[in-house]
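Enquirer: Heads up: the protein sequence lines correspond to chains A and B, in order.
Throughout the first sequence, residue numbering follows our numbering, covering 1 to 225 in sequence.
Throughout the second sequence, residue numbering follows our numbering, covering 1 to 180 in sequence.
Simulated from the structure, these hints should not be mistaken for laboratory data.
Among these hints, one or two may not hold up.
Sample of chain B residues with no beta-carbon within 10 Å of chain A, all distances over it, derived [claimed, not checked]:
(1) Ser2
(2) Gln10
(3) Asp77
(4) Gln102
(5) Phe127
(6) Asp145
(7) Ala152
Have a look at the derived ranges for each label pair, beta carbon to beta carbon [said to hold, decoys possible]:
(8) Leu209(A) <-> Ala16(B): 56 to 62 Å
(9) Thr142(B) <-> Phe167(A): 43 to 49 Å
(10) Val45(A) <-> Thr131(B): 39 to 45 Å
(11) Gly98(A) <-> Ala16(B): 30 to 36 Å
(12) Gly161(A) <-> Ser140(B): 42 to 48 Å
(13) Arg101(A) <-> Thr57(B): 23 to 29 Å
(14) Thr33(B) <-> Glu198(A): 33 to 39 Å
Where is the CB? At the ideal position from N, CA and C, for every residue including glycine.
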Amino acid sequence: MDKAKIKETVLGGIIKNNPTFVLVLGTCPTIAMTTSLSQAFAMGVATTFVLIFSNLFISLLRGLIPDKVRIPCYIVIISTFVTIVRMVMQRFMPDLYGTMRAFIDLIVVNCIILARAESFASCNKPLYAALDGVSVGLGFTGALCLIGIVREFLAGGSFAGIAIPGFPAMSGTGASAFGFIVFGCLMALFNFIIQKLEARKEKMKRASLPLFDGKAEIVKEGTEK
Amino acid sequence: MSGKVRSMIQGVAVLACIALVCGLLLGAVNYFTYVDPLQPTLDRFTSDTGATFPEMTDEDGQEFENGRIVYYARSADGAYDAFLAAGGGGWGGEVQLYVYLQGGVIQKVVLGDNSETLWDTFESDFFDQFTGLDVCSADSFTESDVSTGATASRTIRAVARAIDAVVAYYNANLEGGSNG
Numbered sequence: 001m002d003k004a005k006i007k008e009t010v011l012g013g014i015i016k017n018n019p020t021f022v023l024v025l026g027t028c029p030t031i032a033m034t035t036s037l038s039q040a041f042a043m044g045v046a047t048t049f050v051l052i053f054s055n056l057f058i059s060l061l062r063g064l065i066p067d068k069v070r071i072p073c074y075i076v077i078i079s080t081f082v083t084i085v086r087m088v089m090q091r092f093m094p095d096l097y098g099t100m101r102a103f104i105d106l107i108v109v110n111c112i113i114l115a116r117a118e119s120f121a122s123c124n125k126p127l128y129a130a131l132d133g134v135s136v137g138l139g140f141t142g143a144l145c146l147i148g149i150v151r152e153f154l155a156g157g158s159f160a161g162i163a164i165p166g167f168p169a170m171s172g173t174g175a176s177a178f179g180f181i182v183f184g185c186l187m188a189l190f191n192f193i194i195q196k197l198e199a200r201k202e203k204m205k206r207a208s209l210p211l212f213d214g215k216a217e218i219v220k221e222g223t224e225k
Numbered sequence: 001m002s003g004k005v006r007s008m009i010q011g012v013a014v015l016a017c018i019a020l021v022c023g024l025l026l027g028a029v030n031y032f033t034y035v036d037p038l039q040p041t042l043d044r045f046t047s048d049t050g051a052t053f054p055e056m057t058d059e060d061g062q063e064f065e066n067g068r069i070v071y072y073a074r075s076a077d078g079a080y081d082a083f084l085a086a087g088g089g090g091w092g093g094e095v096q097l098y099v100y101l102q103g104g105v106i107q108k109v110v111l112g113d114n115s116e117t118l119w120d121t122f123e124s125d126f127f128d129q130f131t132g133l134d135v136c137s138a139d140s141f142t143e144s145d146v147s148t149g150a151t152a153s154r155t156i157r158a159v160a161r162a163i164d165a166v167v168a169y170y171n172a173n174l175e176g177g178s179n180g
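Here chain A stands alone, though its shape is the one from the complex (with noise of 0.2 Å):
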């Protein structure tokens, strides 16, 4: 087991291939679904399962399937998952079902699953793409979480259903428009930090190298002139 490879996958899927701030996959749901924390949740919880699942059975049957039947495979497979979660919801959460039904059945287009499926799982090892779905799927609920607290929070005034005492609702922040405006702001956001820590660490990187010999030598002629 690689364990730099486990931990490039864990890690590439929340943050530097995150399914919706970096590589602004599954832009639909992420909208539609964000208005509240608790749909927010539910729909990354939902699109996890099925991205988990669906990644270990393709990467389990990766040398079974025939290059030219592929994507049908990978959506039979696919829409199997995204059925059954549709099952558990109905059966178990039929409220929050009612208020997402439309958008659980939509998974199985969410170019996430089949990005996955056809860049990571068709290619990898059960373990590592099992693993890819969970980051994969940890990165795409967190942003979806992310949005949703704050749109919850200027739409509402509220906290997961919980009303912010002082914090009026503001109108017109509940629109699909603002959800889009929230994305990108918070997308941006993201970035921003990621670069940053990225520049802070590649900085770190070079301050601990050893003086470059080629550097030494044009230090040395400088001093002889």
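Got chain A sorted already, so can you dock chain B onto it with the hints?
Expert: Frame of chain A, contents of chain B only:
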């Protein structure tokens, strides 16, 4: 057999096998998570009236010109007739109403599934005006019978059509109605 045909058959066979396995998996999950599609409506009837509705009396409902009865159930003690009625022609399509009758008189009307957008322009007690309406003595119910200050004419029309479907169904099918 040429290589092209062989690869085609192989592709179809793999896809069929995956579909079969997925079908079996879904069947197993469905066994544990099956929900009777009528149960949520029966639960809603019970929560709105407090009476027990053991089964749906009419699962097929009935279509009328502009509205329809989706389901009809009579409570276990026979006191309530509960309808899930739908009126067409609303702004966002159908408007569903839960309508509860006792002895042919409307006791309660509760808004169900709909895609209308102007409910905030209606009075908070808008649906109370239907309470006390004797469906046996009414031949029909139109939007002119609805009293409201709201100007959402298509929503009003859909609500009136849902009530009209209850009037028509009750009078045509249930005892106590003018045609019953």
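Enquirer: Does Gln10(B) really sit off the interface, with its C-beta more than 10 Å from all C-beta atoms of chain A?
Expert: Violated, since 6 Å does not exceed 10 Å.
Enquirer: Assuming the hint says 43 to 49 Å, is it satisfied by the Cβ distance from Thr142(B) to Phe167(A) or not?
Expert: This hint holds: roughly 46 Å between Cβ atoms.
Enquirer: Would you assess whether Ala152(B), listed as outside the interface, keeps its beta-carbon beyond 10 Å of every beta-carbon in chain A?
Expert: Its Cβ never comes within 10 Å of chain A, the nearest being 20 Å, so this holds.
Enquirer: Taking the CB of Thr33(B) and the CB of Glu198(A), does the distance hold inside 33 to 39 Å?
Expert: This hint is violated: roughly 45 Å between Cβ atoms.
Enquirer: Please settle this one: Phe127(B) was flagged as non-interface, so is its CB more than 10 Å from every CB on chain A?
Expert: holds, 20 Å
Enquirer: Looking at Asp145(B) again, its CB stays over 10 Å from all of chain A?
Expert: Non-interface label on Asp145(B) holds, nearest chain A Cβ at 31 Å vs cutoff 10 Å.
Enquirer: The hint says 42 to 48 Å between Gly161(A) and Ser140(B); measuring C-beta to C-beta, is that right?
Expert: For Gly161(A) and Ser140(B) the Cβ distance comes to about 43 Å; the hint holds.
Enquirer: A range of 23 to 29 Å was offered for this pair. Does it hold for the Cβ distance of Arg101(A) and Thr57(B)?
Expert: Between Arg101(A) and Thr57(B), where Cβ atoms are some 27 Å apart, the hint holds.
Enquirer: With 10 Å as the threshold, tell me whether Ser2(B) passes as away from chain A on beta-carbon distances.
Expert: The claim holds: Ser2(B) sits with its nearest Cβ about 15 Å from chain A, beyond 10 Å.
Enquirer: Is it true that Val45(A) and Thr131(B) lie within 39 to 45 Å of each other by Cβ?
Expert: For Val45(A) and Thr131(B) the Cβ distance comes to about 42 Å; the hint holds.
Enquirer: Confirm or reject the claim that Gly98(A) and Ala16(B) have a C-beta distance inside 30 to 36 Å.
Expert: Holds - the Cβ-Cβ distance for Gly98(A) and Ala16(B), about 35 Å, lies within 30 to 36 Å.
Enquirer: Is it correct that the beta-carbon of Asp77(B) has no partner in chain A closer than or equal to 10 Å?
Expert: holds, 27 Å
Of the numbered hints listed earlier, those contradicted by the structure are 2, 14.
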